[in-house]
Every structure is written in structure tokens, then in C-alpha cells.
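Visitor: Protein chains in written order, with my numbering: chain A, 1 to 487; chain B, 1 to 487.
Hints are computed from structural coordinates only; laboratory data are not their basis.
Keep in mind that this is a model prediction, so the values were computed, not measured.
Each hint can be trusted.
Note: identical chains are not told apart, hence a pair may lie in one copy or across any two.
Below are the DSS-like pairs computed for lysine-lysine, each with C-alpha atoms no more than 25 Å apart in a straight line:
| id | residue 1 | residue 2 |
| --- | --- | --- |
| 1 | K66 | K375 |
| 2 | K452 | K481 |
| 3 | K325 | K209 |
| 4 | K50 | K320 |
| 5 | K209 | K266 |
There are 2 protein chains.
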Amino acid sequence: MQEYSNEETLDPQDWRAVRELGHRMVDDMMNYLQTIREQPAWRPIPQAVKENLHQPLPLAPQGDEKSYQDFLENVLPYPHGNIHPRYWGFVNGTGSALGMLSEMLAATVNPNCGGANHSAVYVEQQVLDWCKEMLGYAPEASGILVSGGSMANLMGLAIARNTQLEFDIRNNGVQSVPGMMTVYCSSEAHSSVQKAVELLGLGSKALRKIPVDRHYRLDLASLEKTLSEDRQAGHVPFCIVGNAGTVNTGAIDPLEALADICQREKLWFHVDGAFGALAALAPEMRSQLAGMQRGDSLAFDLHKWMYLPYEAGCLLVKNKPAHEKAFAVVPTYLAPHDRGLMAGPPWFANYGLQLSRGFRALKIWLAFKSYGIDKFRRLIHQNILQARYLAQLAEASPELELAAPVPLNIVCFRFISPRLDEAQLNQINRELMMELHERGIAVPTSTFLQGKYVLRVAITNHRSRREDFEVLVRESIRIGKELLQRM
Amino acid sequence: MQEYSNEETLDPQDWRAVRELGHRMVDDMMNYLQTIREQPAWRPIPQAVKENLHQPLPLAPQGDEKSYQDFLENVLPYPHGNIHPRYWGFVNGTGSALGMLSEMLAATVNPNCGGANHSAVYVEQQVLDWCKEMLGYAPEASGILVSGGSMANLMGLAIARNTQLEFDIRNNGVQSVPGMMTVYCSSEAHSSVQKAVELLGLGSKALRKIPVDRHYRLDLASLEKTLSEDRQAGHVPFCIVGNAGTVNTGAIDPLEALADICQREKLWFHVDGAFGALAALAPEMRSQLAGMQRGDSLAFDLHKWMYLPYEAGCLLVKNKPAHEKAFAVVPTYLAPHDRGLMAGPPWFANYGLQLSRGFRALKIWLAFKSYGIDKFRRLIHQNILQARYLAQLAEASPELELAAPVPLNIVCFRFISPRLDEAQLNQINRELMMELHERGIAVPTSTFLQGKYVLRVAITNHRSRREDFEVLVRESIRIGKELLQRM
Numbered sequence: 001m002q003e004y005s006n007e008e009t010l011d012p013q014d015w016r017a018v019r020e021l022g023h024r025m026v027d028d029m030m031n032y033l034q035t036i037r038e039q040p041a042w043r044p045i046p047q048a049v050k051e052n053l054h055q056p057l058p059l060a061p062q063g064d065e066k067s068y069q070d071f072l073e074n075v076l077p078y079p080h081g082n083i084h085p086r087y088w089g090f091v092n093g094t095g096s097a098l099g100m101l102s103e104m105l106a107a108t109v110n111p112n113c114g115g116a117n118h119s120a121v122y123v124e125q126q127v128l129d130w131c132k133e134m135l136g137y138a139p140e141a142s143g144i145l146v147s148g149g150s151m152a153n154l155m156g157l158a159i160a161r162n163t164q165l166e167f168d169i170r171n172n173g174v175q176s177v178p179g180m181m182t183v184y185c186s187s188e189a190h191s192s193v194q195k196a197v198e199l200l201g202l203g204s205k206a207l208r209k210i211p212v213d214r215h216y217r218l219d220l221a222s223l224e225k226t227l228s229e230d231r232q233a234g235h236v237p238f239c240i241v242g243n244a245g246t247v248n249t250g251a252i253d254p255l256e257a258l259a260d261i262c263q264r265e266k267l268w269f270h271v272d273g274a275f276g277a278l279a280a281l282a283p284e285m286r287s288q289l290a291g292m293q294r295g296d297s298l299a300f301d302l303h304k305w306m307y308l309p310y311e312a313g314c315l316l317v318k319n320k321p322a323h324e325k326a327f328a329v330v331p332t333y334l335a336p337h338d339r340g341l342m343a344g345p346p347w348f349a350n351y352g353l354q355l356s357r358g359f360r361a362l363k364i365w366l367a368f369k370s371y372g373i374d375k376f377r378r379l380i381h382q383n384i385l386q387a388r389y390l391a392q393l394a395e396a397s398p399e400l401e402l403a404a405p406v407p408l409n410i411v412c413f414r415f416i417s418p419r420l421d422e423a424q425l426n427q428i429n430r431e432l433m434m435e436l437h438e439r440g441i442a443v444p445t446s447t448f449l450q451g452k453y454v455l456r457v458a459i460t461n462h463r464s465r466r467e468d469f470e471v472l473v474r475e476s477i478r479i480g481k482e483l484l485q486r487m
Numbered sequence: 001m002q003e004y005s006n007e008e009t010l011d012p013q014d015w016r017a018v019r020e021l022g023h024r025m026v027d028d029m030m031n032y033l034q035t036i037r038e039q040p041a042w043r044p045i046p047q048a049v050k051e052n053l054h055q056p057l058p059l060a061p062q063g064d065e066k067s068y069q070d071f072l073e074n075v076l077p078y079p080h081g082n083i084h085p086r087y088w089g090f091v092n093g094t095g096s097a098l099g100m101l102s103e104m105l106a107a108t109v110n111p112n113c114g115g116a117n118h119s120a121v122y123v124e125q126q127v128l129d130w131c132k133e134m135l136g137y138a139p140e141a142s143g144i145l146v147s148g149g150s151m152a153n154l155m156g157l158a159i160a161r162n163t164q165l166e167f168d169i170r171n172n173g174v175q176s177v178p179g180m181m182t183v184y185c186s187s188e189a190h191s192s193v194q195k196a197v198e199l200l201g202l203g204s205k206a207l208r209k210i211p212v213d214r215h216y217r218l219d220l221a222s223l224e225k226t227l228s229e230d231r232q233a234g235h236v237p238f239c240i241v242g243n244a245g246t247v248n249t250g251a252i253d254p255l256e257a258l259a260d261i262c263q264r265e266k267l268w269f270h271v272d273g274a275f276g277a278l279a280a281l282a283p284e285m286r287s288q289l290a291g292m293q294r295g296d297s298l299a300f301d302l303h304k305w306m307y308l309p310y311e312a313g314c315l316l317v318k319n320k321p322a323h324e325k326a327f328a329v330v331p332t333y334l335a336p337h338d339r340g341l342m343a344g345p346p347w348f349a350n351y352g353l354q355l356s357r358g359f360r361a362l363k364i365w366l367a368f369k370s371y372g373i374d375k376f377r378r379l380i381h382q383n384i385l386q387a388r389y390l391a392q393l394a395e396a397s398p399e400l401e402l403a404a405p406v407p408l409n410i411v412c413f414r415f416i417s418p419r420l421d422e423a424q425l426n427q428i429n430r431e432l433m434m435e436l437h438e439r440g441i442a443v444p445t446s447t448f449l450q451g452k453y454v455l456r457v458a459i460t461n462h463r464s465r466r467e468d469f470e471v472l473v474r475e476s477i478r479i480g481k482e483l484l485q486r487m
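Just chain A, with the same shape it has in the complex (with noise of 0.2 Å):
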């Protein structure tokens, strides 16, 4: 038993340091969720913690105990803060205590669900099957769980590509196709879908951008005549992004509209739902949403109107083979069996890009299970109240400009003044933003609208109350008041 003795193992000798430091952690996250409200929408990260993120590499162990303090002191105080009430940066959701617990319990399993015969493919399975029955799409649909929209939209975009037509193009490439391959889309389109579009090799020239009405929706005549166009230039179209909630404002495509137009036109419908697709839970956005479930794929994320902690993108697609088609490849070594665990249903490695892939259902699972899904309706419904809201005080206040409509949960406003000129505004808005930051009074981020620099407001926060919205506004306009001042 000699040769035995010097074999080692990344367990702990003393598990019930571990343990304890397990615990502690529990005590210190609940801590810091319960809490989070009392600490500053978002701080500077000082210099000497630059400094200790920035270390050579580390040969000798430290333990873990050493390294929870550094975790303590360097990472944790400083985050990016849609954990926060009063986050609304770029769409990014908020996690909960039991999304946190969820994680934990995915890494302990740790299950590669690419595939085989166990647990988390059932429970992956599951979850798509609730996507489905959610957003309106037959339980024979396909899907896949991925790390986001940008990953979802490649994929839509790159089935569209492999199945439209008549040409092999896995095998013969885009190169075998007679005409350049064109995809529409509004011009407020997710840059994921650029370059998604550059990454198949199609060249964002053959990306059709699509003006839009002032509401910021893709406008129908303009889409009619390009998809004309480019038919007798003799292009090749084969597929329309709609937007379910354009980033910049919220935007609805006329979905409708376009699933017909796909139908006469025989292209793929591709729907970028990223956050706007679980609105369709609030029944009030249910007839601007209508037309949704009829796109051949659809991207959203659970990780942003559903709150739940990153990553958890999903993809559904309504012809299953032709998911399938565009993505199996099966290497030997992964050669199916009857039983054991390389048995089991189809392999999720066969319907997207990824062969290993974490446990992502996990979290959705726990989450659908305890909180139920008229919690989500209550919540979502919740946060599109509140953008109303907002708006309407933006809209009551002299000193504030509304920017854009506000068809769903995104707010865009900026602080006016007559004594300044369009430049001064961008400038002022500007400094008024990273003010807000830096004060840690809220975190909203900025675009612009019309070349207009605007805050923008993407509320996918379960956190938030209507008084968080009043401090924005009445800061906004203080410190608005404070730099003109200066100015």
C-alpha cells in the first residue's frame, strides 16, 4: 500500500473546515442580499484593489480560507450592481438568495449536459418544455438552454442559414450559394445580430438594416421594397429578425406583419425576444406580442426579465429536424447505446454549438417550481408599471425630457435646459449619468436616440419600488441643476 500513500486529492483533509466555511458563506451572502439596498448603487474600485487583482501567478496554496478574505475584501464590494434596487443598466436581471443556492447545488452535480443518461437532461428537458408551453410554442417544438441571446441568435440565424435552401451549405460552405445570402432586421437590431451574421461568414453587408418608424419599429414598407430589390438583384433572402424589445427602447417589431411576410416569402422567422418574449407572461402585452409564436426561432434570456442569475439564454425552434440538421455531428467516441450512460434521450451536444455544458436548467427549474409562474407574471407586470411611472414623472418634470416612447420596461430620458445648445445637453447628460454612478445614487447607463445622449432606464428588477424611481428623478434633476451651474 506504499505506492498509495503520496496520492493526493483536491478534497479536503478537514471537511469540516470546509463545512464551516460553507456556512459562513451562506451567513455572508444572506447578508449581502438582505442588505444590498443600504449600500451604494455602484462604487469606484480604489487603486490598491486594482492592485490585488493583479498578482503573479500563485504556485503555492494559500488555503481556502486566506482566499475568501481576498474574495471578501477585493471582489465583493465592488460589483458590477444589478443586484441592486436601484440598477437599471444595459437589460441585465437582478438573481434572488435561492438562484444563488440553485448555483451551489448545479457545481456540486456538476453534471456535462451535453448529453447521456442522467438526471439534469431530464431536468433540462423539462424546462424547455415550460419555455414552450410559456411562450406559446408546441410541445413537439426543439430547444436548447444557452448563454445568452447573442448565443441564441447565432444559432436561430445559423439554422435559417443551413435549411432555407436547396444548397448543402454545411458541407459545400456559403460560398456554393449563387447570390448573396441576405437577413433583415430593424435598424435598432441587437449587434448580435451583426455578428452573428459576420460569423457565419454572410458579411454584415448582406445584414438588410431596416429603417424605423418613430417608435423605433421596423417599418414594413421599407422592408417590402428592399426584400424586393435585392430578389431582382438577384440576392438570395432567407430570413427576418423581428424585435420583441428593441435594447434601446423596448421597441415591438409589427411581428404579425413580418411572420406573414416570412410566410410569402418562404424565410425563416427569427424573433429576438432576448428580454421583451416574457412580457408575453403579462396578459396586457399579450396583442403587441401576438405574432411572436409564430417565429420558426425564438431567443430570450431567464437571465434578464426572469431574474435569474447568468448565465440562462434559451433558443426554441419550431422544426425540430431542422434544428438537428443544422448542428449533429457525432464522433465516435460518443456512439449512443442502449443503456448505461451512454443511453438516454437525444444529446443536447447535437442541437447547438457546445459538447460540454454546465447545468443550467437548475436554476430555472428551482426557480419555476418554488416562486410558480404567476409570480413572474405579477413581477413583470410589475416592472412595466413602474417604466410607466417613471415616464410619467419624467414627463411632469420642466427639467426632464421623455426621449422615446416607453412601449414595455425601457425608459429613456435626458435633463434639459433652454440655456443650452444639443452639444451642451449630450455633454451635461453625460457627466449627469457618471454622477449617478458615482455618487452611488442609481445606475442607469445612456444611448443615443437621434444623436441625442440619453439615460436609459431597462427595468428587469425585482428589487426596485416606485420610490426608487422618485430618488433617480429628483437626483437627476438636482445634480442636473448643480452642473449647469457650473457649467
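Dock chain B against chain A, hints included.
Guide: Chain B only, in chain A's frame:
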């Protein structure tokens, strides 16, 4: 205040209850890991459990407690198995107690690591710097954490495609290239390379699968011949993929020679080192892996041979501008600022496909610090020794046949008998593998080598001991003989 009273949140009404649940989970999960050796290596999922995992969409809440019970009863007992000391299927890491706690911490902070000014992006930079140092890349090199090797391979090839040529492929697409853009790899390369070539619009026929020698290493003479023929045919070679550890047998391609050819032929050199790259930590493997650090890009997984929980892949790229130029798209709502959350170091989103990105870096950062790299050196070395030990055991057993050389951590063997022909040998070994699973003894998986079905043992497991391989050999022989009698 009336209007606020009905606002709700996912935060628990009773923090004490969820805190207690968290403590119970820590205890349960620690018990589970501590006693995993006493569990079967795999067990089938009963039909009743499958039905429990196939339920209607839950509209009403059932609460955290009940959901956790459902997890304990339906999910936890039927894992993939890679946490078990006698699991050596596919190539899956093991996870660890610290890893599982790290994921809880990451999900509490729950940052979006697409970019911006917060601690998590500095942690990721730190981890990338460590990976560069560890694997012989210069500090000026670029890198990004990704979901896994498939994504890292895809991105490496995407950068190669977008930068090696005088065509503006991001804008003009692959169709603008006057010739087929060819990629070279061995016939043993990972399926994700083919998936990547297909996704990039090049077509799998553009992937030249070069034959291997009897050690399953790419044959250089065949490569040179194919390259030269392709040039003469007017094709456009742009990339060679070298394997640092093939998935079937752990073969390491002649990387130094491939780097020389790439240099001479002005081709991008991508190294797929999914698990094998990390063998460079073991001093005895360094000479075999020489040349790996000359890769223009290198893909590897920390969730494999660093035993970290899913998902933790990494791509390193020698030329930082090339990396950024392949992917960067900056929409107006992400315009950089001088201060506040929208300031900060360059956005990771510009170096990859994801805009929303989880906090993969934390578990790596904590593991490197807690355990120290020297610990990983020893564990990787230990796994290599264990592979050699298993190979010796197989060679010493007349009932077993070692089916391929064992250059790294993968051992392929099969049960043999002079009474059986090749078809029967395939059949009995297939049955043997399923029996090993079903009886919960051990989890090898399988592959085909030159038409022969073989059991395949890939050792990236910090819990395995020499005695576990003795069990595998003993039981394989015992069950093989049992099956032989029945035939």
C-alpha cells in the same frame, strides 16, 4: 404610500428560513461529496423519477423547501457521474467542494462580465494573465474565458478566418474570397473543429482531415502534400489545427513542426488543447508539448484537467488586435465613458460572441489561490501516472488488450478472447461497458479505433486512486468472462 404596499419581490419574506435552507444545503452537499466513493459510479433513472421530471408548467408557488426536496429525490441521486472516483468517461472534470462554493459566491455578485467597471472583469483579466504565464504566452497576448473548448475552437478559427487574408470577410463574407478557404487538422481532431468550419460558412469539405500515424498523430508528409495540392488547385489555405491531446487516445500532434509549417506558409496556427494543454504543467510532458506556445491561438478547458465545475473554457490569442478586430461591435448604448460603471478596461464583449457573460473567472481565481498551481502540477502528473499504471495492468492481463499507445491520460483497451471474431469482440465489449455502468462499478466510455470497439478511460479526476484502476481491470475481466460464458 398605499400604492407601494402591493409591490412584491423575489426576496424572501422570511430571510431566516432561506438562510437555514442554505445551511442545510451546504451540509447535504458536503455529505454528498464526502461520501461519494460509497455511492455507485452510475445508476439508471427509475421511470417514476422520469415522470417527476415531466410535469406541467408550475403556475402556483410550491416554495423553496418543496423544490429542494424534489431536487434531493429526483436529481441528486442520478448524476452524470464525473464527481465519482471511478468515473473516467468522455473528458469531464470532477469539480470540488471549493468549486461548488465558488459558484454560489459568483451567483450572489451575479455580474455581467461583458465589460464595464467592476471587480469581476479585473478578476477575469487576472485569471487570463495567469493562464498566459502558465502556458507560455506573453503578457501582451489576449484571451477570454468561454463556455468550453468547442467555443474556444470556433473563436480561434473565426479569428483566423477574419485576419489571415486581404479580404474584409466581416463585411464582405466568405463569398468574396476567390477560392475555397481550407483548414487542416488530423483525422483525430475534435468534432467541434468540423462544427466550427461549418458554422463559419466554409463548408466541411474545406476541412482537410489529414491521416494519422500509428500513434494517432497527424502525418506531416500527408499534410505537406495536401497543402501543396490545394494551393495548386487555387484553394486558399489559411489555418492548421494541431491537437494537444486528441479525445480518442490523447495523442499529441507534432506541434513544433506544425508551427514551422504555419510560419513558412503564412497560416494561422490554432492549437486545440482542450485537456492536453494543461499537461504542460507536468514537467515530464513539456518536451512533447513543445510548440504549443507558438500557437496563434490556443483553446483549453479548466473544467477538464483543472477539475473545476462547468463551465470554464479559455481561448488565448497571441495577437491582441487580431482578436479584437475579429469580433468588436460597439453599439451606441455601450459607448465608453471616463468614469462610473461605463468606464473600465476594454470590454470582453469585443473579444467574443457573448455580450452578457457570467462570472466564470471567480472559481478559477479562488482555486488557483487556494490550491496553488503546484498542486495542479502534482495532480496532473498523478493522473498521467495512473494512466500508465492502467496501461500496464491491461498489458499484463491476457484477457485484455491495450488498444492504443498511452501518451497522456487516456487508456483504450478491450476484453479479448481467441474464441471471438472481431464482430463478436465489438459486441462483448459494448455489453461489458454497459454492465460496468449498470452495476455501478466504474464509468469508462467507449470509442472505435480502426473499427474496433474499445473501452476508453480518460483520467481527469482528482478523486481516483490506483486501487480504482485495479477494480476496473479486475471487474472488466470478471464481467467479460461472465459474458463470454453466456455467448
